[in-house]
Amino acid sequence: MRPHIPEEELHAYCDDELSPSQRGEIAAHLLGCLVCRAQHADVMELRARTVAILARAMPRTATAASVRMPSVRRFHVPVLGRRASIAAALFATAVGGGAWLAVRAHAGTDSSQLATTFVTPSIFAQLQAADSVSRDFGPADATRRAQMMAFITNGLKPHTTSAHGPLTVHAMATGDPALEVDPVEAAGWAATNWDSAMAITNGSLARLDGLPIKSIRLHPNGDGERPTIVVRQQLSDGRAVWVVEGPETQVGPVGQIFAASNVGMSMPLRTHPDYVKTADNQLHQSIRVITVAAYLPPDSLNALTAKLRGR
Amino acid sequence: MAFDLEELYRTTYASVVRFLYRKVWDADRAEDLAQEVFMRAFAHEPEKPRAWVFAVAANIARDEARAAIRRRKHLVLMTHEPSVAPSSPSAVEDDMDRDEQEAEVREALAALSPRDREVLLLWDAGLSYPEIADQAGLAVGAVGTTLARARKRLVAAHDAMASERQTFRGDRRASAHS
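Protein sequences, first through last, are from chains H and Y. Residues 1 to 311, numbered by our numbering, are exactly what the first sequence covers, in order. Residues 312 to 489, numbered by our numbering, are exactly what the second sequence covers, in order.
These aren't lab readings, by the way, just hints derived from the structure by calculation. Each hint can be trusted.
Computed beta-carbon distance windows for the label pairs: (1) Asp406/Y to Leu269/H: 22 to 28 angstroms; (2) Gly203/H to Glu418/Y: 34 to 40 angstroms; (3) Asp16/H to Ala376/Y: 30 to 36 angstroms; (4) Ala376/Y to Thr249/H: 50 to 56 angstroms.
If you're wondering where the values come from, they're calculated on a predicted model, not measured in any experiment. Each residue gets a CB set at the ideal place from its N, CA and C atoms; glycine is no exception.
Start from the sequences, fold in the hints, and give me the full structure.
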């Protein structure tokens, strides 16, 4: 049997940075070595804590700032010189202002749509300025021009995939699956209202603090157990986020429903146990679990759990 | 492989902003610098675009810090207004809480050596060990060691500060009651 696994190798193992053969070797060793298994658990915890700590230092979303004003300060073009910067700022202000008026006139006040409108002019202005000055890019030929325009129109679409920070995503596009699909609704769960849900949970309905609630759906569980409840809320950029709570044994299947829609879930939080009376009048302990689901990377989801209420 | 700025932007922009933010601690500035990074990427069409943008981001952040020192200004003292005006006392409280938490992270990161901090932030930005090694001038085998040390120090420094904060709050509550 190989000697104990060095700590740095365990870090690389947890970070999935080893070759398949090295991984296999370590996995086999972990199966038979209690010492390394304990250290592996420590490394996993250290890694999770690092992610959680760093997640507390995220840039606040630029969405609202972008919506509020097409600020000249945001149109820095340092490599192009002062004149180009001023031209870019004026251009962007004109484009941004026009777009803002257009959106106000036609699209109501949905912040995500406004944000989409305003993130674009900033870099659009930079690219326009770069193109006209032609210092960094050389003569603007047709191909590069086309590439530039493709970037302007397509490259700034909002991020809906993982590997991005949680609240740095600029905007949601209309038609995004996060806006359209509710996995538990699709699974046929019954809708309920706030008062009923609060009554069922004795006032301890789990939800994220400060976010509007869009719907509440529940699934009854047997033997007088607390139902599994899914509260759908809305992040400030329009995306959906779900808070799932229920007995430990029942939350797993909900995770599968979300996983089928490619929606990630946070690490489940175990809360105080409920004691429920079964049909034959016996008391049994039921551990309540809460988790957060959204189209977000795991570290962001774990960070969101800090805002849970009703725990 | 052809250079694809759109794909690069889509997959790395948020990570670059986050990486820069933890260097300059100003959200607007981080976004400005990130846009500059992508403008440069567009002009240079690098062969390894993902590693390249982070290398450029690190250099830009370093230049920014040097310039700030030259001007005898500290970036940490730059104002960073909340992007949304708080609408209620609880929102104000949330903001204050968030600021405190962020200050703890900032101080915990400052407790790391520059190399450990760089490696940790690059890892958090999603770079692989070989990419981190390339940028930090380390052997690939040393990345795990560096990360292990950086993670331990970050958590230890953060826990120490959080505990100080709790003690301070306790003292404040006690003096308010007396």
